[in-house]
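Enquirer: In case you want the letters, here they are:
Number of protein chains: 2
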Amino acid sequence: MSIYDCQPPMCLETIRKTLVSFSPAVADMPPERKPSAEINDEENFFVPPLNFSMVDYGIFRSGFPDTANFPFLKTLGLRSIIYLCPEPYPEVNMQFLNANGIRLFQFGVEGSKEPFVNIPDDLVRHALEVLLDERNRPLLIHCKRGKHRTGCLVGCFRKWQNWCLASIFDEYLRFAADKARVSDQRFMELFDVSGIKPIPSQDYLKS
Amino acid sequence: MSIYDCQPPMCLETIRKTLVSFSPAVADMPPERKPSAEINDEENFFVPPLNFSMVDYGIFRSGFPDTANFPFLKTLGLRSIIYLCPEPYPEVNMQFLNANGIRLFQFGVEGSKEPFVNIPDDLVRHALEVLLDERNRPLLIHCKRGKHRTGCLVGCFRKWQNWCLASIFDEYLRFAADKARVSDQRFMELFDVSGIKPIPSQDYLKS
Chain D
1 MSIYDCQPPM CLETIRKTLV SFSPAVADMP PERKPSAEIN DEENFFVPPL
51 NFSMVDYGIF RSGFPDTANF PFLKTLGLRS IIYLCPEPYP EVNMQFLNAN
101 GIRLFQFGVE GSKEPFVNIP DDLVRHALEV LLDERNRPLL IHCKRGKHRT
151 GCLVGCFRKW QNWCLASIFD EYLRFAADKA RVSDQRFMEL FDVSGIKPIP
201 SQDYLKS
Chain Z
1 MSIYDCQPPM CLETIRKTLV SFSPAVADMP PERKPSAEIN DEENFFVPPL
51 NFSMVDYGIF RSGFPDTANF PFLKTLGLRS IIYLCPEPYP EVNMQFLNAN
101 GIRLFQFGVE GSKEPFVNIP DDLVRHALEV LLDERNRPLL IHCKRGKHRT
151 GCLVGCFRKW QNWCLASIFD EYLRFAADKA RVSDQRFMEL FDVSGIKPIP
201 SQDYLKS
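Just so you know, the sequences run in chain order D and Z.
Quick note: the first sequence uses the UniProt record's numbering, first residue 1, plus one each step.
Quick note: the second sequence uses the UniProt record's numbering, first residue 1, plus one each step.
Think of the hints as simulated: they come from the structure by calculation, not from any bench.
You can take every hint at face value.
Cross-link-like lysine-lysine pairs, in silico, DSS-like; alpha carbons within 27 Å at most:
| id | chain 1 | residue 1 | chain 2 | residue 2 |
| --- | --- | --- | --- | --- |
| 1 | Z | LYS159 | Z | LYS144 |
| 2 | D | LYS159 | Z | LYS74 |
| 3 | Z | LYS159 | D | LYS144 |
Computed far set for chain D versus chain Z, every beta-carbon distance over 10 Å:
| id | residue |
| --- | --- |
| 4 | PHE64 |
| 5 | PHE96 |
| 6 | LEU97 |
| 7 | VAL130 |
| 8 | ARG145 |
| 9 | SER183 |
No residue lacks a Cβ here, since even glycine has one placed at the ideal position from N, Cα and C.
Make a model of the complete structure from these sequences and hints.
Expert: Structural data, given as structure tokens:
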């Protein structure tokens with residue numbers, strides 16, 4: 001018996017109708033991401049990128065990854081990266097992406113501009129659509145420090161997940177800390193998620 | 001074709017040997033946890049518990065959940081809760097657990113004692129073993145505020161995952177913020193993860 005056989009496929013519609021959403025079962029748990037014993041020495045510790053965290057199943061967030069973070073990033077099995085800065089992606093990072101079959105989605109949101117509300121709403125909307133497309137996961141969202149631009153996109157995703165604003169801001173503040181911007185929070189408050197729908201897995205499996 | 005059919009079972013040993021660990025595929029992604037349109041109004045926003053976050057696939061952390069958090073917790077499809085306080089679990093929380101088939105693992109770590117290093121190491125060790133047992137996931141780790149006791153257990157888990165101490169502390173500090181304790185960090189630094197092994201899914205599926 002395979003561990004992938006013990007969970008019957010669930011109907012997405014059923015889940016939506018019942019509010020009690022999917023209960024990930026044994027079938028959906030990847031094996032442990034524990035490296036083998038022989039590499040478990042001081043020189044082989046993993047270094048996640050600055051401000052790294054898991055957002056949801058197959059969705060991660062962080063600041064800008066550098067070469068020291070590449071061995072760790074490999075363990076995530078990424079399919080895509082959502083990069084939220086206008087600057088070109090560094091050559092060494094592009095090489096890492098190419099070597100690991102990771103697709104880059106760049107949305108050039110200016111980081112220096114305050115307030116963030118001046119940033120075209122549709123850029124964040126497009127980034128959210130990429131995020132909601134299951135074909136792109138596992139994916140990593142990052143900007144420079146993983147605070148403002150990344151925080152806003154994650155906040156819009158939480159809004160789409162129907163989180164209350166207090167909890168969305170609480171999460172934003174955990175990463176932005178003393179660099180938090182009221183304008184970012186206002187952007188999330190105003191962001192309209194109605195009409196944004198994910199591409200359900202069924203649709204692309206048929207294609 | 002089911003979305004659960006497209007990923008062949010992987011050999012855990014292969015993954016351990018290659019360091020490049022499991023790449024979660026479409027098969028491992030649960031459907032969206034988006035509530036149905038008809039409940040998407042102001043009265044039905046989800047309220048995650050204080051300091052809520054996802055730690056890894058099927059592992060969540062938070063402060064003490066109250067009744068306002070129950071609708072949100074239902075969406076996580078929890079199988080277990082690791083509760084790190086010595087106080088009895090409140091009746092209303094027990095009712096929620098019973099109604100949803102969630103098993104409670106209580107490890108009574110005294111929260112008021114400083115430094116945390118006085119807490120028997122074996123309590124955290126047992127909690128980590130529960131955490132590493134895939135049969136218990138999805139699971140939620142919580143104490144009172146989701147800062148110290150929860151932070152230490154998550155830190156020990158990160159150590160087991162071979163994260164560098166700097167990144168472990170960075171994550172701990174994100175939740176503990178101005179309540180951070182050097183003694184907690186020292187506890188994580190000293191905690192010995194050698195010899196701690198997860199129960200691989202293969203083993204219990206045979207039983």
